[in-house]
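Undergrad: As given, the protein sequences belong to chains E and G, one line each in that order.
According to the numbering used here, the first sequence is numbered sequentially starting from 167.
According to the numbering used here, the second sequence is numbered sequentially starting from 29.
None of these hints come from the bench; they were simulated from the model.
In this text the structure is predicted, and so the values were computed from the model without any measurement.
Wrong hints could be hidden among the right ones.
[What the hints assert, rightly or not] Okay, the calculated beta carbon distance ranges per label pair: (1) G:G491 with E:E234: 58 to 64 Å; (2) E:E234 with G:E82: 36 to 42 Å; (3) E:S249 with G:K48: 45 to 51 Å; (4) E:K202 with G:E82: 36 to 42 Å; (5) G:E74 with E:G205: 37 to 43 Å; (6) G:N494 with E:K202: 50 to 56 Å; (7) E:K171 with G:K199: 32 to 38 Å; (8) E:V168 with G:D232: 53 to 59 Å; (9) E:V168 with G:R386: 46 to 52 Å; (10) E:T173 with G:D120: 35 to 41 Å; (11) E:E234 with G:R386: 53 to 59 Å; (12) E:T173 with G:D566: 56 to 62 Å.
[Stated by the list, open to error] Some residues of chain E that are not near chain G, with every Cβ distance over 10 Å (derived): (13) S169; (14) K170; (15) L172; (16) G193; (17) K202; (18) K211; (19) E228; (20) S232; (21) G233; (22) E236; (23) K237; (24) V244; (25) S245; (26) M246; (27) S249.
By construction, the Cβ of each residue, glycine as well, lies at the ideal position given by its N, Cα and C atoms.
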Amino acid sequence: MVSKKLTVRNPQGFHMRPAMNFANAMGKYSCEVFIKSNGAETNGKSIMNLIAAGIKCGTDIEIVCSGEQEKEALDEAVSMVESGFGE
Amino acid sequence: MLKGIGVSGGYGMGHAVVVKRADLSYVKKEECHPDTEHRRFSEALECFYNRNTELAKSVKDTLGEKESEIITGHVMIMKDPYMLSEINKKIDEGKCAEEALEEVCDSFIDMLSSANDEFTVQRAVDVRDIKTEILSLLTGAEQVDVSNLKEGTVLVAHELTPSMTAGIDRKKVVGIITELGSGTSHAAILARAMEIPAVLGAPDATKEIKSDDIVVADGNSGDVIINPDADKKELYTRKKIEYIERRKALLRFKGMPTRTKDGIKADLFCNIGTADDAETVAKYDGEGIGLFRTEFLFMDRSGVPDENEQFEAYKKVLLVMKEKPVIIRTLDIGGDKDIPYLGLTKEENPFLGFRAVRYCLKHTEIFKTQLKALVRASGYGKLSIMIPLVTGVEELREVRKMVEDIMRELEKQSVPYDKDLKVGVMIETPSAAIIADILAGEADFFSIGTNDLTGYTLAVDRGNANVAYLYSVFAPSVLRTIKNIISEAKRAGIPVGMCGEAAADPMLIPLLISFGLDEFSVSASSVLSTRREISRWDKARADEIANRIMELKTERDVVEALGKIVNDTV
Numbered sequence: 167m168v169s170k171k172l173t174v175r176n177p178q179g180f181h182m183r184p185a186m187n188f189a190n191a192m193g194k195y196s197c198e199v200f201i202k203s204n205g206a207e208t209n210g211k212s213i214m215n216l217i218a219a220g221i222k223c224g225t226d227i228e229i230v231c232s233g234e235q236e237k238e239a240l241d242e243a244v245s246m247v248e249s250g251f252g253e
Numbered sequence: 029m030l031k032g033i034g035v036s037g038g039y040g041m042g043h044a045v046v047v048k049r050a051d052l053s054y055v056k057k058e059e060c061h062p063d064t065e066h067r068r069f070s071e072a073l074e075c076f077y078n079r080n081t082e083l084a085k086s087v088k089d090t091l092g093e094k095e096s097e098i099i100t101g102h103v104m105i106m107k108d109p110y111m112l113s114e115i116n117k118k119i120d121e122g123k124c125a126e127e128a129l130e131e132v133c134d135s136f137i138d139m140l141s142s143a144n145d146e147f148t149v150q151r152a153v154d155v156r157d158i159k160t161e162i163l164s165l166l167t168g169a170e171q172v173d174v175s176n177l178k179e180g181t182v183l184v185a186h187e188l189t190p191s192m193t194a195g196i197d198r199k200k201v202v203g204i205i206t207e208l209g210s211g212t213s214h215a216a217i218l219a220r221a222m223e224i225p226a227v228l229g230a231p232d233a234t235k236e237i238k239s240d241d242i243v244v245a246d247g248n249s250g251d252v253i254i255n256p257d258a259d260k261k262e263l264y265t266r267k268k269i270e271y272i273e274r275r276k277a278l279l280r281f282k283g284m285p286t287r288t289k290d291g292i293k294a295d296l297f298c299n300i301g302t303a304d305d306a307e308t309v310a311k312y313d314g315e316g317i318g319l320f321r322t323e324f325l326f327m328d329r330s331g332v333p334d335e336n337e338q339f340e341a342y343k344k345v346l347l348v349m350k351e352k353p354v355i356i357r358t359l360d361i362g363g364d365k366d367i368p369y370l371g372l373t374k375e376e377n378p379f380l381g382f383r384a385v386r387y388c389l390k391h392t393e394i395f396k397t398q399l400k401a402l403v404r405a406s407g408y409g410k411l412s413i414m415i416p417l418v419t420g421v422e423e424l425r426e427v428r429k430m431v432e433d434i435m436r437e438l439e440k441q442s443v444p445y446d447k448d449l450k451v452g453v454m455i456e457t458p459s460a461a462i463i464a465d466i467l468a469g470e471a472d473f474f475s476i477g478t479n480d481l482t483g484y485t486l487a488v489d490r491g492n493a494n495v496a497y498l499y500s501v502f503a504p505s506v507l508r509t510i511k512n513i514i515s516e517a518k519r520a521g522i523p524v525g526m527c528g529e530a531a532a533d534p535m536l537i538p539l540l541i542s543f544g545l546d547e548f549s550v551s552a553s554s555v556l557s558t559r560r561e562i563s564r565w566d567k568a569r570a571d572e573i574a575n576r577i578m579e580l581k582t583e584r585d586v587v588e589a590l591g592k593i594v595n596d597t598v
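Build the full structure now, drawing on both the sequences and the hints.
TA: Below you can see the structure in the form of structure tokens.
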């Protein structure tokens with residue numbers, strides 16, 4: 167299991183498009199991807215779960231990947247969040 | 029008569045076609061064969077994807093990108109790998125496709141609708157729409173075919189999903205009436221884009237209206253008239269013709285310069301609330317931005333946005349506006365606008381309290397961050413900074429000093445910025461209005477904020493029903509105040525604009541022309557009508573009107589006289 171803590175920086179947080187881009191990117195990996203925020207754990211491969219989690223700009227999150235290719239998955243996840251999902 | 033919410037302007041009169049709610053009931057089979065159910069589900073899904081992808085394409089071509097995203101959003105949601113795997117899991121457990129879909133969708137609907145922000149709650153509506161659409165595909169429930177209606181149809185339904193709305197043939201459907209929905213519904217957005225008059229949220233519409241009734245949907249007032257008599261029919265026919273004529277006449281002003289009848293040029297800008305709105309401004313032909321409220325950047329979040337985030341938002345607006353002027357107002361919170369994490373305490377008199385520039389000058393760390401983001405963004409276009417709620421020249425001096433310090437700092441770091449960056453004052457307090465001459469000596473420009481200026485001048489809270497009748501920009505005291513502000517700006521040789529709702533008021537416009545207002549900042553949808561109103565008057569006539577009006581002693585006399593003049597002038 168690997169994980170990293172960071173802060174969501176894009177103005178919209180996990181809105182529709184960021185959530186979709188993120189879930190689709192994570193869907194390529196077979197490992198599990200979770201986002202911990204505000205004491206809750208969210209399935210990082212689900213667009214709707216990400217939206218429902220209401221992760222806004224300024225929220226501190228921890229991305230947790232566990233399973234095959236966990237390192238690659240975490241690297242991509244972190245760079246997506248840090249780049250503000252290319253918005 | 030029924031009463032709903034007018035969400036898309038115009039008058040639609042025609043034969044009602046009442047769309048019955050589809051019967052989506054199904055029998056929960058005890059023993060389902062997972063293979064069969066998987067196949068049924070994936071066929072329905074395939075059909076859903078194809079239909080909506082196609083629809084999104086045609087909506088994008090006919091209506092626009094933003095409208096088509098409503099439909100593509102549905103496709104995205106239904107491609108959610110987690111959601112699909114949950115449904116498939118339930119089918120594996122022996123549930124039929126309908127039940128599996130319904131259970132998973134319902135759990136998402138519950139989760140989303142309990143959120144406390146509008147965006148997330150809207151997604152619950154999306155999931156419900158999707159569920160309905162796929163259930164009808166699975167059950168073979170009669171699909172309402174809205175694409176194949178007779179000419180002159182008024183569509184009456186319990187609720188319209190976005191895909192149904194987008195599938196409406198604009199040549200055939202002249203009006204829309206639904207029981208559910210409001211101005212922010214997807215159906216409302218689409219109806220407006222399609223320019224079909226629509227009344228949503230009209231209770232019992234599908235019960236009160238029978239198919240083939242003659243109905244009128246008044247998309248302006250929200251009235252629904254069932255089987256109107258001859259007089260009413262004539263009235264609405266006339267209203268409809270006038271409405272269409274007015275719209276056509278208005279479109280002639282698109283792309284035209286803004287100037288008075290005798291050729292005096294005025295700037296016609298827009299008020300916006302988010303960086304995305306800048307695109308709407310371009311679409312509606314605004315010539316710049318006269319008021320960009322920055323509060324939105326600070327709302328719906330848990331902490332202050334950092335300098336870079338603000339910088340990106342301001343830069344985005346400047347880039348969209350391409351060298352056209354953009355006036356950005358610094359943080360205007362307090363009063364009725366609370367932001368929880370800023371820790372504002374509850375006050376006895378919030379409108380006379382700790383707000384806007386007063387707050388910013390006390391919390392310099394927050395204010396400096398915003399000013400720095402603004403100064404940095406100034407390198408990307410024509411930016412001006414506007415300070416809200418100024419009451420004395422000290423506030424302007426203090427802000428200007430902060431801006432100059434930031435400029436020096438950036439200079440040292442060789443960060444580019446606009447050396448010609450203007451700092452102006454929003455004139456919205458009686459104090460600022462009275463010392464307009466003093467402020468004009470040091471400010472780079474004025475912008476009159478009529479909403480607060482009217483409230484403060486008349487000492488009226490227009491949200492208080494007992495005194496709201498006193499609130500009027502046409503009160504002689506307010507008119508004199510506006511006139512004074514404009515003439516002091518002229519005397520000092522600085523530009524003066526107006527960014528309240530009043531700037532688009534056809535009755536106020538001749539007075540503003542006479543006083544010499546340089547810039548009118550209005551909502552994007554009022555750009556063309558304001559341009560038309562400005563073109564109606566020449567300076568001499570406007571002066572004549574102003575001279576007469578400024579002698580009147582009561583608000584009532586002013587409104588009566590102006591109303592008559594404006595209506596009688598062709």
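Undergrad: Looking back at the numbered hints, which does the structure fail to meet, lowest number first?
TA: Structure breaks hints 7, 16 and 18.
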